[in-house]
Every structure is written in structure tokens, then in C-alpha cells.
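*Asks:* Please model the complete structure; the sequences and the hints are all you need to start from.
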Amino acid sequence: MTDKHPSQNAMDKIMRGEVKQVPRWHFVVRNIVLWTLGILCILAGALTVSLIIFTFVNSAFAMRGIAYKSFWQHTIVFMPLLWIVGTLLFVGLFKFSVRHTNYGYKYPLLSILLVSFLSSVFIGIAFYFLGVSHMIDDILEMHFHTYHSVERRQARLFDNPEKGMLIGRIIQSDAESFMLVTPNGEKWRVMCEHVPQNKQHAIVDGSRFVVIGKKVDDDVFVACDVHKRGMFGINKGVQKKRMQKMHCDDSCMENHSQVLPKNIDILVQNACTHAQ
Amino acid sequence: MILENTNNKTDNELVELTKKDPAVFGVLMERYDGKLLTYIRRISSVPNEEAEDILQDSFLKAYQNLNNFDNNLSFSSWMYRIVHNETVSHWRKDKSRPQGNIAHVDDEFLERIVDTQDIVGDVDKEILKKTLEDVMIDMDDKYREILILKYIEDKSYDEISDILKKPPGTIATHISRAKKQFRELCVQKDINFLL
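Going down the list, the protein sequences come from chains L and Y.
Quick note on numbering: the first sequence equals residues 1 to 276 in this note's numbering.
Quick note on numbering: the second sequence equals residues 1001 to 1195 in this note's numbering.
Accuracy of the hints is not assured; some may be wrong.
Stated by the list, open to error - Simulated DEER-style distance windows between Cβ atoms:
| # | chain 1 | residue 1 | chain 2 | residue 2 | range |
| --- | --- | --- | --- | --- | --- |
| 1 | L | Ala126 | Y | Glu1030 | 55 to 63 Å |
| 2 | L | Leu82 | Y | Lys1129 | 57 to 65 Å |
| 3 | Y | Glu1108 | L | Ile32 | 40 to 48 Å |
| 4 | Y | Lys1189 | L | Leu40 | 49 to 57 Å |
| 5 | Y | Asn1007 | L | His100 | 30 to 38 Å |
| 6 | L | Met79 | Y | Ser1156 | 48 to 56 Å |
| 7 | L | Leu110 | Y | Lys1180 | 17 to 25 Å |
| 8 | Y | Gly1169 | L | Phe122 | 24 to 32 Å |
| 9 | L | Lys4 | Y | Lys1129 | 55 to 63 Å |
| 10 | Y | Asn1085 | L | Leu110 | 22 to 30 Å |
| 11 | L | Phe144 | Y | Asp1070 | 40 to 48 Å |
Don't read these hints as lab results, they were simulated from the structure.
No residue lacks a Cβ here, since even glycine has one placed at the ideal position from N, Cα and C.
*Replies:* This is the structure in C-alpha cells:
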């Protein structure tokens, strides 16, 4: 510090060109970046909200009673912890970006958080109904081996033939049996003679079911009861892709028919007596 | 040419002129250097030389960021904000250096606080000054500054909101808490109030 007054010192530096004005475009770009970040946070928050909805709606809590896991195991399997943390993170990031804009400080913290959260929820609901969450769920499963899609998590609860339970989609059916493909890609021939009459009519190609019964062979299962278990918030593109992947033509059905055990009639007759 | 007739120009007009001629910034600095220097000393209790350094850095920062100045804001509030930020960052940088707690209570400060807070002022001025310095030292930093802005610098709620970059509602709450804390500390130190 020299003996001069601070304003004189500052003026000298300015006039010598040691300090220059930051160009206007720099601040314009900064503001655009902050608002873009804010909008992206809302959209990302909406995606996580839609994934929370998608997970909860498809968590099959209504069928918790028939799953072979406890309430807590069921809850842990379906708890969308990652998406809850993600939502909170994006709500926080939105607050950060808004607060750093020119007039962001004027808005109370609670208002910013509410706007961010409610926008994420409303857009998230729209995303869910548009099937965006299903698509993201599918993409994540394709690219990250550690990620388990909701369908696969359902399988963890309901796909256990050894304990008399299967979950999957019917790809072909006739009067006595149907072909079921599990989320893990396994194909089962399911004998459905013992299924209650009032549920028989629901057994149509493309439907998704939880099947209760007994495994009688490597890929043959006898159904004693079935519970329709559709997926909600589905994306038609993802659905179509999965159906194509599961596709089973007549020859496939015949191949499975050929491997039916010789004593199948007795096995079918006894299966449900034991299961009950 | 531009430097002529600058005295009757508003701050915001001078900001626009500075963008064309940097020399005009000198007029703005002259208008504020006294006020801001006192403000720095009041909120930070740094020695005069350091306060001058902070002020110089604040002026340079203001000049650098002149293109970010929004005409909807008053230049005064913007300048106070920069000074506030520079003071805080200076304080953070030198936090490790022991400075001792000193509060700067000047004559104007004393008069205004006596008037605005209904303090019984007919006691020895120097004793009252010393006691008020102790009160200011004991106050929380955020309350001390807000009290200074409101009652000593005579800033409105909106101006304080612009200076401290906090919502007006929060400012109102902080002012009320600052007054409460100030009164409690005054009572502890036997300062009497009119009411």
C-alpha cells in the first residue's frame, strides 16, 4: 500500500491498464449456463421422480402376501434409494444454480426448493405416463451390470420354481398349458389345468403372471393358481423389444412339448394336492 | 470531454460513461470512498491500512465487473455488496492471524445508535463508546453487520437484501434478532434504555 488514497491507487492501476473490464458476454454466458443447469436439474429430478413412481407402482406390494420374502426384504428390494438420493441432489443443485443467478438471492430458500421439487414431481408424473421411466430403467440395465431393472427385481421376489413360484410373460398358450418366459429369460412350460376356472380366461399371450404351483421337471411347472401381474408405466418400444427377444414360435412350443415327462398326468394330478 | 459535468450525473449514468472512458470511474470512487472505508472499519474492525487495502481491492473488483452491473440495482448497494464480500474474504484469509477483537465505534456510530435504539445517552460519552464497543464485539457477526447497515448506514430492507444477497424476509428476521441480541447485551453491560 502506498501513501496514496485507495481510490487514487485503484485509478492508477486502471489507467495503466493493469485491470480490465470483464467483457459483457462473459456474464451473459454465465447466466445462460446457470439457467440451463437449473432447467437440466429440474428435468433430471423429474426423471428420478418418474423412476421412483415406476419402481413403487411395480413393486407388487399388493402381492407381498404371496411372495416368499418378508415385508422388509420386499421393501429393501424395491426401495428406490438411488432415485430418492438423486431427486434430493437435483433439488439441491437447482437451488445452487438459481441462487447464483443475478436475482436468485431474492427468493426464499423454501420457495426455491418447493418450485424445484414440485416441478420435478409434475414433470416426473408425465414422464412416468409417457413410459420414459421404463425406457431409462431398460437403458440402465443394458449398460450397467450392477443395475437391476424393476422387472428383474420382481423376479427376485417371485421367481423361485423350487419354492413353487414363477413370474413371467405368456408367449404362447393352449387349453392345457402355456409357455412362460421369466425376466431372466428362462422358458417354462406351465400346465394350467388346475388353475381356477374364473382365471383361465385371463391366460392369453402377452399377459404377465405370477404362477403358484410346483416344478415337476427342469422346464415344466404345474400351475395351481395364477395372479395377473402387469407392468405399469410401460414404454411401448421397450415392451416390443422385450417381446421380440422372448419370441417363441410353434417349433419352440413343440420342442418343449417333446420334453414333457412320461408320467406328466400323474404329476399334474398330484402337484396341486401337495401345493395346497 | 466526458469528465466534464459529471457532478450532476447519477451513479448509474456514470457507470455507463465509465464503460466508454475509464477515467469516469474516479468520480464514482470519490463519491463512495469515505463512506465505504468507514463501513469496512465498522464491520471488520481491521486497522486503517488494511481497510484501505480492502477498499482498493473492492474498487478494482467493481471496475472489472462493471459489465455485470444491473441498472435495476442501485450502484450504492452493488458497491456495498462488493465491499462486504471483499471484507469477508479478507477476514477469512487472515483468520489464522490473531488480531484480537476490536470494534470500531466512531462518533457518528454512537450518535445514531443512541438515537435509533433509544439508549439513555446522558452518560459519559467515552464510557458509553467503550461499552458499546464491547457489546458489538460480543454480537454475532451476521447480526452486528445487519445492525450497522440498518441503523448506522441507514439502509432500507431492500438495500440490505441486495447488499447481503439474502431474501428480504430473512433480512427482516435477522434485524429483529439483531435488535434483541443488542438490547440483551446492553442490559448485561448496564446500558439503559429510554423505554
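*Asks:* Identify every previously stated hint that the structure contradicts and give their numbers, smallest first.
*Replies:* 9
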